Amino acid sequence: MALIIDNALPSLAKLSKALRDTNAINKETSSAVADEVRDQFTSISGKQKNKFSRPSTFWIKMFKSVRPVFSATSAIVEMNRAIALRYFGGIVRPTGGKKFLTIPVNKAAYGKSARSFPNLFVFRYAGDGPNGKAFLAMQDRKGDGVGPGKKDKLTLMYLLLRSTKHKADKSVLPTAERIKQVMSTAISEYLKRKTQ
Amino acid sequence: MSIFTKPMSWLEGIRRLAARKVLPTTLGTEDLRRLGGDVKRWGIFSAKIANAEALQEINDVVTEVVRGITPKDEETFTVTQKDGTTYEKRKKPLQLSIPDAKLRLRNKFRELGVTVEDPAKIGTIQDPESDARLQLIVQTQEELAQGYGRFIANQDPDLLDAWPCQELIRISPSLVQRDWKERWARCGGHLYDGRMIALKNADIWDRLGDSNTFPDALGNPYPPFAFNSGMDVRNIRREEAEKLGVIEKFTPAPRPRERSLTEDVQASPARFDDSIRLALANDPTMVLEDGVLSLRG
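Protein chains in written order, with the working numbering: chain A, 1 to 196; chain B, 1 to 297.
Just so you know, not all the hints are guaranteed correct.
Said to hold, decoys possible - Have a look at the derived ranges for each label pair, beta carbon to beta carbon:
hint, chain 1, residue 1, chain 2, residue 2, range
1, A, Ser71, B, Ala132, 39 to 45 angstroms
2, B, Glu248, A, Thr185, 18 to 24 angstroms
3, B, His190, A, Thr155, 49 to 55 angstroms
4, A, Pro118, B, Gly245, 30 to 36 angstroms
5, B, Gly245, A, Ala108, 34 to 40 angstroms
6, B, Thr78, A, Ser43, 39 to 45 angstroms
7, A, Thr155, B, Gly245, 54 to 60 angstroms
If you are wondering where the hints come from, they were derived from the structure by calculation, not from laboratory data. Just so it is clear, the structure is predicted and the values come from calculations on it, not from any experiment. All C-beta atoms in this analysis are idealised placements derived from N, C-alpha and C, irrespective of residue type, glycine included.
Only chain A is shown next, with the shape it has when bound in the complex (with noise of 0.2 angstroms):
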């Protein structure tokens, strides 16, 4: 049995040449899904708030970072790779010569370097055992310091862990079948459009 393309047809022509086009496919099947993605984070930013109940930043951040990269053979879409660490879940340790991450655990301390306070010091909290914790602390005088009550007060600012394990949580980037259902009307819309 032969298969006969009459590309006299000038809408199979238009056809086959959008096809042969990888390019521009792959240039439109990575936007839509990086629309897609961008979705996402936004429907998520709009749900969580960090611990001191304030609007998180992380997703925004994110859903700048995202954009399409596209060439005749292939369709990527890049994110920041903070992505991958929620995606796939992980341990995250300090870079450099740093020994402890310093995760904030007071509102001050929230978007801002430890180094940027200058009066820390490290406050250990039952000990250095397995339940022990340690801690970036800061101390502040009460009043004038004189009098009952009139104590130094001591404000936890950063726990201090020399790690941090991360669970996968698929529920971050869109499912593999939704992706396959956007890049599947991206392809239509595109070929529908070319022939028109």
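Given chain A, work out where chain B should sit, using these hints.
Leaving out everything else, chain B in the frame of chain A:
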């Protein structure tokens, strides 16, 4: 010639941003808003900071925050733990974090003596060392870089054909309450199912960022449009735009923006203060003729 006649990649947009010139100024934010939008985009600025070295540090820090990852960033070393197990550790963070960027700027400002003159303003937004001010500098510059990169990348005829419209959306709550639907209406925008949608080349995007209309606007036809706006745009597919009635069937794709920097930066130098005028007039890429400052073509 600085006219965007062809699509540029996102990275190219960032690269252009990284190559911004440093323009010392003692103008306040209000005065800076009066400058042409692209002067602000082209020359990194920060209200009331006149020290060129401090401005260069802002440029360097923002470039580090927004830049992509290079192979050098991937360099690791092996750490051996007490139990003999090993793991690979990166030599430095992949990107400069916002808290570290703020700290670096604060230290540089201190070193250079860039500070607020009035002691009553220490710790306020007018104090260059205050967290609020540093956050504003880094965040605004970072958002401008991202927004500019996306704007440039979107000037692609195929993408404009597939996604001819965009919707103004909130992606982050703002501490300063601003009614964007009211702004939208003031700029002549229509609502479709309650949504703020328009063609990508519609004038409304320029009007939203117009500092003559809105005092907090930054002069960009792309997000964030205004200081700390929390607003962004979302692409709208042709089919959806047709269904919502934003465009009709077979409406031609918006033309890529031929955004002429020459036109944008035309502004009377009388509006500039002495330092910025001097910096601009001595710039080999700019020309000052008949009191009008333009980019040299």
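Against the structure, the hints:
Taken as a hint, the range 39 to 45 angstroms holds for the pair Ser71 (chain A) and Ala132 (chain B), whose Cβ atoms sit roughly 43 angstroms apart. About 21 angstroms separates the C-beta atoms of Glu248 (chain B) and Thr185 (chain A), a value consistent with the hinted range of 18 to 24 angstroms. The supplied range of 49 to 55 angstroms is met by His190 (chain B) and Thr155 (chain A), whose beta-carbon atoms lie about 52 angstroms from each other. At roughly 59 angstroms, the beta-carbon separation of Pro118 (chain A) and Gly245 (chain B) lies outside the given 30 to 36 angstroms, and the hint is violated.
For the pair Gly245 (chain B) and Ala108 (chain A), the supplied restraint of 34 to 40 angstroms is violated, since their beta-carbon distance comes to about 49 angstroms. Taken as a hint, the range 39 to 45 angstroms holds for the pair Thr78 (chain B) and Ser43 (chain A), whose Cβ atoms sit roughly 40 angstroms apart. Between Thr155 (chain A) and Gly245 (chain B) the beta carbon distance is about 57 angstroms. The supplied range of 54 to 60 angstroms therefore holds.
Going through the hint list in order, the structure does not satisfy hints 4 and 5.
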